[in-house]
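There are 2 protein chains.
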Amino acid sequence: MSRGSAVNLLCLGNRAVSVLYGSPLRSLLHISAHNAGSLKPRSGFRPEKVAVVTKTTRYEFEQQRYRFAGLSEDDLKQLLAMKGSSYSGLLERHNIHTNNVEHIVKSLRSKGINVRVVKRGEYDAEVVRWADAIISAGGDGTMLLVASKVLSKDKPIVGVNTDPERSEGHLCLPVRYTRAFPEALDKLFRGEFRWLWRQRIRVHLEGTGINPAPVDLHEQQLSLEQHNQAHRNTAADNQRRPGALHETVSKPCLLPVRSLNEIFIGESLSSREKFKPFKHHVNHLLHRASYYEISVDDGPWEKQKSSGLSICTGTGSKAWSYNINKLAEQAVEEVLKIGKFLSGLDIPLNREFIERVTDRYNEALVFAPDDRRLLYSIREPIVNRVFSNSRQRGFASKVCVRSRCWDACMVVDGGTSFEFNDGAIATISMSGDDQLRTVVLQN
Amino acid sequence: MSRGSAVNLLCLGNRAVSVLYGSPLRSLLHISAHNAGSLKPRSGFRPEKVAVVTKTTRYEFEQQRYRFAGLSEDDLKQLLAMKGSSYSGLLERHNIHTNNVEHIVKSLRSKGINVRVVKRGEYDAEVVRWADAIISAGGDGTMLLVASKVLSKDKPIVGVNTDPERSEGHLCLPVRYTRAFPEALDKLFRGEFRWLWRQRIRVHLEGTGINPAPVDLHEQQLSLEQHNQAHRNTAADNQRRPGALHETVSKPCLLPVRSLNEIFIGESLSSREKFKPFKHHVNHLLHRASYYEISVDDGPWEKQKSSGLSICTGTGSKAWSYNINKLAEQAVEEVLKIGKFLSGLDIPLNREFIERVTDRYNEALVFAPDDRRLLYSIREPIVNRVFSNSRQRGFASKVCVRSRCWDACMVVDGGTSFEFNDGAIATISMSGDDQLRTVVLQN
Chain A
1 MSRGSAVNLL CLGNRAVSVL YGSPLRSLLH ISAHNAGSLK PRSGFRPEKV
51 AVVTKTTRYE FEQQRYRFAG LSEDDLKQLL AMKGSSYSGL LERHNIHTNN
101 VEHIVKSLRS KGINVRVVKR GEYDAEVVRW ADAIISAGGD GTMLLVASKV
151 LSKDKPIVGV NTDPERSEGH LCLPVRYTRA FPEALDKLFR GEFRWLWRQR
201 IRVHLEGTGI NPAPVDLHEQ QLSLEQHNQA HRNTAADNQR RPGALHETVS
251 KPCLLPVRSL NEIFIGESLS SREKFKPFKH HVNHLLHRAS YYEISVDDGP
301 WEKQKSSGLS ICTGTGSKAW SYNINKLAEQ AVEEVLKIGK FLSGLDIPLN
351 REFIERVTDR YNEALVFAPD DRRLLYSIRE PIVNRVFSNS RQRGFASKVC
401 VRSRCWDACM VVDGGTSFEF NDGAIATISM SGDDQLRTVV LQN
Chain B
1 MSRGSAVNLL CLGNRAVSVL YGSPLRSLLH ISAHNAGSLK PRSGFRPEKV
51 AVVTKTTRYE FEQQRYRFAG LSEDDLKQLL AMKGSSYSGL LERHNIHTNN
101 VEHIVKSLRS KGINVRVVKR GEYDAEVVRW ADAIISAGGD GTMLLVASKV
151 LSKDKPIVGV NTDPERSEGH LCLPVRYTRA FPEALDKLFR GEFRWLWRQR
201 IRVHLEGTGI NPAPVDLHEQ QLSLEQHNQA HRNTAADNQR RPGALHETVS
251 KPCLLPVRSL NEIFIGESLS SREKFKPFKH HVNHLLHRAS YYEISVDDGP
301 WEKQKSSGLS ICTGTGSKAW SYNINKLAEQ AVEEVLKIGK FLSGLDIPLN
351 REFIERVTDR YNEALVFAPD DRRLLYSIRE PIVNRVFSNS RQRGFASKVC
401 VRSRCWDACM VVDGGTSFEF NDGAIATISM SGDDQLRTVV LQN
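Chains as they are written, first to last, in the working numbering: chain A, 1 to 443; chain B, 1 to 443.
Be careful, since some hints might not be right.
Identical chains share a label here; the pair holds if one copy fits it or two copies do between them.
To be verified - No more than 20 Å apart at the CA atoms, straight line, and that leaves these computed lysine to any residue pairs for SDA-like:
(1) Lys40 x Leu441
(2) Lys337 x Leu349
(3) Lys398 x Thr427
(4) Lys326 x Arg391
(5) Lys77 x Glu92
(6) Lys149 x Arg116
(7) Lys153 x Leu39
(8) Lys337 x Arg391
(9) Lys340 x Arg356
(10) Lys119 x Glu363
(11) Lys326 x Gly394
(12) Lys303 x Gly89
(13) Lys153 x Val105
(14) Lys303 x Gln330
(15) Lys251 x Lys303
(16) Lys340 x Phe353
(17) Lys337 x Glu355
(18) Lys337 x Glu352
Treat the hints as calculated values from the structure; they're not laboratory data.
Kindly generate the complete structure, drawing on both the sequences and the hints.
Pasting the structure below:
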């Protein structure tokens, strides 16, 4: 399979069969297991009330940003030009997005559907309660935001990629429906689609000095200081009261978030080996190693040091996790060269063969969104006398992590963070209750 | 070569011959080139004035940290115990370091050498001017600090690893000299050593909105806000003055730093694909992709998107760059499995063979400290329709990078950062003038 195909595989959002260490038979078993999470509807789906959640375009952001500096539209144009960026390019992208949103809204209203258009910043639990279905109009980031407020497995979410030129849209409908949205609606009404229940991750936190209050990084717009303050208020209060030390050991609490892509655990500027963690408060821009202990499926605890730990869903296996684990052709070529040299076998080293091996390796990193398993990956493991590393990645039902970090966070889908410092223990698992109901249309 | 040997190779600080895509003949050429950077001294080296720069131990840091919270030593003990950390362990490490420093200082004074013991925070250009030689007493981090203030290629630096149990000490003398320092001194006096001139990296910055004022992350102890403020004062002033937009294009300026390990360029929390760069000011804890353009050895500019870019020296090829590029046995095994499956050849897949291939692959990532070449590595490249990736890593004499980032930094040896946002251009190269004079003792 060529690289082009591999990219298409990712872009279309198709379910990829997991072949990680798998035989063909095992692949078939995975297909059967996968189908259990996807369902042909008994009848069409015709929501009465639809919320359309829209992203903020870069153009809108730039305008707001420079408005503070007192610059006019002309000034903005000049400034961007000097940087080599294109003002007209930004405006064009903005208009494409806006037009696509209009197209979606018009299509919905022409079918008599009650539509509420909601900007990213206005999207909340009330909107979720009101809507029969929610459409995300943006890219994958907007889909993650939309999903983050949907905790029920019954509320359907549909992603439409409003800027296919710029956004990969893994979580969105196939690109052709962006300008042909009425077709998508017709298929929904006629039941010509499948439900796909995407498994999500849940997290229990316990241990000393934890703070289960999430910090929403998108809405709060905190500086690093404010962020740390928000996290530490509870912990600091406990520390200053006499005899309070005994009170900070907490029982496990289930966090009010569900991860659609991944949980990433690491030092705030993960990660480097060189600088000792205790310098963290001056090192907000330094890359420090993340220290932690990990137990997979109730196995023995293992001390590790790395650039961080990613635990992803099938949906997330195409996202950050994929980039952490992906191999470049250059690396594959070098491995095969060395294998040839050391074995004396005539292993092919032509471009085409290397591409095939690389693509097969990388495709196996992706697994189905309705798969009940987690994939844990250690980013840049540091192996030396002290820290062992049995496996760099693997599947699991449950992963427990005990932090030995100084200023680390657990980041959920890149949008919500939890303090995760020395002594905190996270139990990461999946439950069928946490599924997200999404739509699969044939292309 | 077993993994143990590979680790020893790193720990001993031996020069490794670069075999990246190399034939045996090419390896020999590299050896000759390498020897040019290392020299047997004509006579012994007997400095009159030696500065000993010491690290801050974690114990010292903890004490200072909790002193602010008003905790007693007993409280500190309890708090650490609850977190599963060991108070007595920290104290032990602190004492080991302190004793080793005493040993070094006594050894020097017993030879009639004028010794100044300087804490990390007190080390400055005046100390460098005063000293005939500087000893770094700590780990690799302390060596980087010591080197950062030495701009002359004539001032000898010697690293002594004061806590071999905990620190890798790649930049330090072989571990046995830590408690046998008089032997090291005798060898120095008798000329039984080699000078090793470690090549360092220099950076020119130019383009719009740059600020050539470095921010020292160790000494300043800035919050993120203060850090950004320090960087932006100049740029903001320029923006607010009418007609000032034309004045912000700067001529190339040579930064007052030399990198001993590497330059790392990336978004402040590099790096993820999902979130658009314009959200940076709320995303200080999010991982965003770094966007930039790169030109190697005056080649064509290439747009890239990744988790960041590392450009390292031979010295640094054992540090962060190594962790970015290193392969786990699990990955090598999978590549060989796929290679076997697709070629039909009986490629060995036993543990021993996989270990050999893995070790050979990883060893080739390391090259000699006196090598005049840079090694650039792209961390987690993101390849899609827009962004190409010809090579994930390679050698060069010069690398130019044009930032397309929003809140990125260029971090030198993990200790000094420079703002590197949209429009800034960095030219990264090496000059013989920038060498750092260090000592190699036989083990």
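*What label fits lysine 303 with glycine 89 when the C-alpha limit is 20 Å: within, between, both, or neither?*
between (49 Å within a copy, 17 Å between copies)
*Between the shortest in-copy and the shortest cross-copy C-alpha distance, which are at most 20 Å for lysine 326 and arginine 391: within, between, both, or neither?*
both (16 Å within a copy, 14 Å between copies)
*When no copy is specified for lysine 337 and leucine 349, does a C-alpha distance of 20 Å or less occur within a copy, between copies, both, or neither?*
Both: 7 Å inside a chain and 15 Å across chains, each within 20 Å.
*Evaluate lysine 119 and glutamate 363 at a C-alpha cut-off of 20 Å and name the case that applies: within, between, both or neither.*
The answer is neither: 35 Å in one copy and 52 Å across copies each exceed 20 Å.
*Pop the pair lysine 337 and arginine 391 into one bin, within, between, both or neither, using alpha-carbon distances up to 20 Å.*
Result: close only across copies, 17 Å inter versus 24 Å intra.
*Between lysine 153 and leucine 39, at a C-alpha cutoff of 20 Å, which is it: within one copy, between copies, both, or neither?*
Classified as within: same-chain Cα gap 14 Å, cross-chain 70 Å, threshold 20 Å.
*Pop the pair lysine 149 and arginine 116 into one bin, within, between, both or neither, using alpha-carbon distances up to 20 Å.*
within (16 Å within a copy, 61 Å between copies)
*Classify it for me, lysine 326 with glycine 394: is the Cα-Cα distance of at most 20 Å met within a copy, between copies, both or neither?*
both (14 Å within a copy, 18 Å between copies)
*From the Cα coordinates, with 20 Å as the cut-off, is the pair lysine 40 and leucine 441 best called within, between, both, or neither?*
within (11 Å within a copy, 72 Å between copies)
*Give the relationship of lysine 340 and phenylalanine 353 under a CA distance limit of 20 Å: within one copy only, between copies only, both, or neither.*
The answer is both: 14 Å in one copy and 12 Å across copies each meet 20 Å.
*asked:* With identical chains, the pair lysine 153 and valine 105 could be close in the same copy or across copies; at 20 Å between alpha carbons, which is it: within, between, both, or neither?
replied: Answer is neither; intra-copy 25 Å and inter-copy 68 Å both fail.
_Within a copy, between copies, both or neither: which one fits lysine 340 and arginine 356 at a CA-CA cutoff of 20 Å?_
Answer is both: 17 Å inside a copy and 12 Å across each meet the 20 Å cutoff.
Hints 10, 13, 15 from the list above are not met by this structure, while the remaining hints are.
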